[in-house]
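**Student:** If you want the building blocks of each chain, they are given just below.
Number of protein chains: 4
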Amino acid sequence: MDQFLIKNRVLGVDISMERTTYAIVDVRGNIIAQDYFNTLDYPNVNEYISVLVDKVIELTELNGGYDTIRSMGVSCPSANFLTGSIENAANMPWKGVVPMAAMLRDRLGMAVAVGNDAHVSALGEHVFGLAHGMNNFVVISLGHGIGSCIFSQGRPHLGAEGFAGEFGHTCVIPEGRQCGCGNKGCLETYCAERGIVTTAHELMQDSNEPSLMRQQERLTPRIIFECCEQGDAMAQEVFRRTGRTLGFSLASLASVIDPEAFIFTGGIAKAGHWLLDSAREVFEEHVFHNIQGRVKFLRSTFNDRERDVLGASVLAWGIKEYSLFK
Amino acid sequence: MDQFLIKNRVLGVDISMERTTYAIVDVRGNIIAQDYFNTLDYPNVNEYISVLVDKVIELTELNGGYDTIRSMGVSCPSANFLTGSIENAANMPWKGVVPMAAMLRDRLGMAVAVGNDAHVSALGEHVFGLAHGMNNFVVISLGHGIGSCIFSQGRPHLGAEGFAGEFGHTCVIPEGRQCGCGNKGCLETYCAERGIVTTAHELMQDSNEPSLMRQQERLTPRIIFECCEQGDAMAQEVFRRTGRTLGFSLASLASVIDPEAFIFTGGIAKAGHWLLDSAREVFEEHVFHNIQGRVKFLRSTFNDRERDVLGASVLAWGIKEYSLFK
Amino acid sequence: MDQFLIKNRVLGVDISMERTTYAIVDVRGNIIAQDYFNTLDYPNVNEYISVLVDKVIELTELNGGYDTIRSMGVSCPSANFLTGSIENAANMPWKGVVPMAAMLRDRLGMAVAVGNDAHVSALGEHVFGLAHGMNNFVVISLGHGIGSCIFSQGRPHLGAEGFAGEFGHTCVIPEGRQCGCGNKGCLETYCAERGIVTTAHELMQDSNEPSLMRQQERLTPRIIFECCEQGDAMAQEVFRRTGRTLGFSLASLASVIDPEAFIFTGGIAKAGHWLLDSAREVFEEHVFHNIQGRVKFLRSTFNDRERDVLGASVLAWGIKEYSLFK
Amino acid sequence: MDQFLIKNRVLGVDISMERTTYAIVDVRGNIIAQDYFNTLDYPNVNEYISVLVDKVIELTELNGGYDTIRSMGVSCPSANFLTGSIENAANMPWKGVVPMAAMLRDRLGMAVAVGNDAHVSALGEHVFGLAHGMNNFVVISLGHGIGSCIFSQGRPHLGAEGFAGEFGHTCVIPEGRQCGCGNKGCLETYCAERGIVTTAHELMQDSNEPSLMRQQERLTPRIIFECCEQGDAMAQEVFRRTGRTLGFSLASLASVIDPEAFIFTGGIAKAGHWLLDSAREVFEEHVFHNIQGRVKFLRSTFNDRERDVLGASVLAWGIKEYSLFK
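Residue numbers (our numbering), protein chains in the order written: chain A, 14 to 339; chain B, 14 to 339; chain C, 14 to 339; chain D, 14 to 339.
Take these hints with a grain of salt, some might be off.
Copies of the same chain are indistinguishable here, so a pair counts whether it falls within one copy or spans any two.
Stated by the list, open to error - Here are the simulated PhoX-like cross-link-like pairs (lysine-lysine), alpha carbons at most 25 Å apart as the crow flies:
{"id": "1", "residue 1": "Lys333", "residue 2": "Lys309"}
{"id": "2", "residue 1": "Lys333", "residue 2": "Lys283"}
{"id": "3", "residue 1": "Lys108", "residue 2": "Lys309"}
{"id": "4", "residue 1": "Lys68", "residue 2": "Lys283"}
{"id": "5", "residue 1": "Lys108", "residue 2": "Lys283"}
{"id": "6", "residue 1": "Lys197", "residue 2": "Lys68"}
{"id": "7", "residue 1": "Lys309", "residue 2": "Lys68"}
{"id": "8", "residue 1": "Lys20", "residue 2": "Lys197"}
{"id": "9", "residue 1": "Lys108", "residue 2": "Lys20"}
{"id": "10", "residue 1": "Lys309", "residue 2": "Lys20"}
{"id": "11", "residue 1": "Lys20", "residue 2": "Lys283"}
{"id": "12", "residue 1": "Lys197", "residue 2": "Lys333"}
{"id": "13", "residue 1": "Lys108", "residue 2": "Lys333"}
For the record, the hints were derived by calculation from the structure and aren't laboratory data.
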């Protein structure tokens, strides 16, 4: 009976530009231990991997031992689950194709899976969050960029090559604002962080109305949100316009997908009703009639980092166990 | 051994406004027998069902017997597989919600499934056509309206309530042409039959250029196509514009879905390269870069009616066998 | 945003002959509130259902309200998930076919699913227990009877009509002991509760060796286990024989199924190594060579009632939400 | 439009000890071209692979070209789909682990999958044969050995490591006949080819009754079958006993699996009612009561080789397309 050790914990890692959070997570999504370091301290990817492996092993040794860990899941922008690689990440320090799952597996001696943030967020919401019990829903992550993950029939739709989900790069304004991806008019250029700030500056330039925003040294969505909360009409208009653009795009998506819910994650989602009320209004105007009034607009109740660590743990449970050392 | 009769055939029915085609189909998609009648001869749905049941039973009795038939699948505009009903079909004579699967099952004494045309077409392409071996692809049906069916992970994505696929009602031109659905600027108002004819009339009005189209009593996409083939520049411009609008919408869809292929069905798809070359050109301009050059644009090689009868047979095989009489 | 109430709890009910345990369970398997009553107090099934509904509603009203509950899952011997019915339960007071899911749904106004104990146990182990991360495993429940549930490709194998899992009624000794099912030599007649006691009596009759078992007024597997722990050789022989018979049957099952693990639940599993060491020994002798040494023998780490309430909650999350009152 | 070539054919290969059959198969299971060679002419596996690749390429060049071929599927005894290898095949000339899928892929430049005969037969029956429309059934292959493949929920159950299906090595007579696998009393030693012949010899030795079998120089199941057909009572008794043993084992399997049907393939299945009537009789006596009378016993209507070539083509369509040369 006792000759088989059950490895009942996994590692969940959330890599963002700012920080790398790594945690030991159990079957029920309890975070047993967690720590983090600054991602940008290690711009060389080989060095980064070495540091991550060392830190992770240290954490396991302090918390039950390496032998209790079944596998590792990693959330990282531009990661492709199907290839295990991070591919041309616009917002990360490592260029080109980084075979992160293979690099980590070889050094850790256990199975490793990677997924992009929207994919991992969707897994986290499905197993531990608002999407529990839903088979068809869409996670929309609103931050530096805009990502999405469609759950179809209880599983994430990753696409033929694992590239699905680029909702942020669907064109909303032909010949509109220039996007970092090379195209023009991408949703991201209006509804992600920089797009919102751009809209704020345009509004300030186009009128002489007073606004709390004019007094800020440097505008961010968070500061614009605070202006909204203080009753600033122009700040509210920023989110209202953003929401209208977002709602218009969501309507097209919902007419094709018929989801049970949209779940909004990421920093911009914190703008809450300032953004989502107008998004919903335009959404209902444009969505096909048999879907009207049916799609839930939900803001994730997780802290973003917690959800992504938990989502990464779901990724880890989903792959086949493997051990170099048995 | 011989006490069990294997029912190795199914019924496939394709209902369109013009005609109802019904066939006996075997495991490999051979059409054993087939006939049709005019759908509009029976505007009362109860009468229609009675006639269909009578004709179908007669066909089975002439071709191996009722006892060899396992189940029935039905393709019908606005049919919802999950509810078994036809729901507020814009283009059919029967109003409201028609529980067609239940009505047919009760009278035929066997299991019956219904699906809308894009859903059924996608099943037909997946099992017997160009999508065989593909897990992630999209069927786009171009006719009176524009429907779509996304295959995700080898199965059709039907949505939370079975309403997925309304690609024709995604908005391409805010405040654009009035659509029958109540909204404005739907893709359908530009790229389905009437939209294309409207574009042709607009082009004729906006210029004094000569065109073969000006000599036609009544324009249809088919006639415009024939003008294209005869070298008419303005007719070619009709499809070029149509294709550009379509390609723009397909780019957004592909950036989110990452399909292996788009498969085009329906009468408009017959316009072929006049439509699809410009669609593809605009598609490649607007789709997210990691998907560029990867998505196949394919025209269904089936006759539409054959595909839908075969697709309906796939629907029939997919449901649980049931017999009132055993 | 706030117009959509997310129902983030379910009801999990575990019905056994002795008691009915009902609980409110959240997304992560936390039991929010729990109570029980004696099943046999209500031998009339209509009365039983009424009482269960009243008690469950009362529990919800004391703990967050009926409106927070999404659906209900029920574990019950002989329940068939596919039909929603309890069918000819040998060990329950209600005879014939009881459409329990429909009866509960109609009175509660929410979606209800039922499953037999092995099915529900397997769900509990898969989501919250030892089988987390396993796609192919078998739960073996050892108690009054012997049930099983095979997980295949991450989902429970229920069979064509929902009757899969009767491992206890596979014949191990042709023309062996008479089983309550009508057949002879069923595994259950050797390795379930009464079978083990029968084996003990046979051993006592067949020898004059002293044994602590001889001093017992009434033998049960638990008492035999306690005799084992006190070093009683004959009691140890009871479990050794039981284990050999069990191991032989498990070898056949594993050669066909190739599971990652067997997970043992139920009262008999508490006999632990007295039973499972010999089971494993015979198993390894008889299983096909390429499976030897690979299949884990694991004893569930849950309390049986906790696991079944949690497993029932998994059943509840897996069905489509439905509300009579919205 | 035309820049994408659709590869609408696959290669299906069936390797048995006697011969290797290779064919080009289209989407609907039409065999476009087919040829074979003697497997044992190439006992060195590298040479065998080279010859197979050469012959296959030649066949494609004569029939539409290499460029029309999407992928290859291979049926081979002891092949493991999950690893792509043939593992310790008892009945093949190549010893140890042969990574056949990888070897063929590297030389052919296209995707290759392998599967064992029961797995491939089950795919063939599911897509093109008696199991079309069934989600839960079991193929039992009766020949040199006895293999099985359980379809669960529409997909083959391969087991945790791909080793599922060793029904022939489940023990039916403890301490019974010695099996080539090292164990005793395996089903195969009674119901596969040599086992049947052994039973015939035992019957002849145990009595003085006359029998046509006594006049045969060398007994085979086929010859025993012919004696049955000529009314020989002892030959009939051989299959009756074989059937009783088989039926007993099938009852245990069905009580656990609840299949819709058993489909019998392989040379022994040709014995038909001489074998299967008694199998069914014992089956119904021993299977759990709620499954009695429900499980169909069906003999495959395919020629074995045709089914395995078609099943191999299903394997080929199921894997991701890959080309070394694009």
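**Student:** Hint by hint, say whether it matches the structure.
**Tutor:** Verification of the hints:
1. Lys333 to Lys309: Cα proximity of Lys333 and Lys309: across copies only (15 Å, versus 34 Å in one copy).
2. Lys333 to Lys283: neither (36 Å within a copy, 30 Å between copies)
3. Lys108 to Lys309: neither (38 Å within a copy, 28 Å between copies)
4. Lys68 to Lys283: neither (31 Å within a copy, 40 Å between copies)
5. Lys108 to Lys283: Neither. Shortest intra-copy (30 Å) and inter-copy (44 Å) distances fail the 25 Å Cα cut-off.
6. Lys197 to Lys68: neither (42 Å within a copy, 53 Å between copies)
7. Lys309 to Lys68: For Lys309 and Lys68, the Cα distance exceeds 25 Å both inside one copy (40 Å) and across copies (31 Å).
8. Lys20 to Lys197: Result: close neither inside a copy nor across copies, 49 Å intra and 35 Å inter.
9. Lys108 to Lys20: neither (35 Å within a copy, 35 Å between copies)
10. Lys309 to Lys20: between (38 Å within a copy, 12 Å between copies)
11. Lys20 to Lys283: Intra 37 Å, inter 22 Å, cutoff 25 Å: inter-copy only.
12. Lys197 to Lys333: neither (41 Å within a copy, 34 Å between copies)
13. Lys108 to Lys333: Result: close neither inside a copy nor across copies, 29 Å intra and 28 Å inter.
Of the numbered hints listed earlier, those contradicted by the structure are 2, 3, 4, 5, 6, 7, 8, 9, 12, 13.
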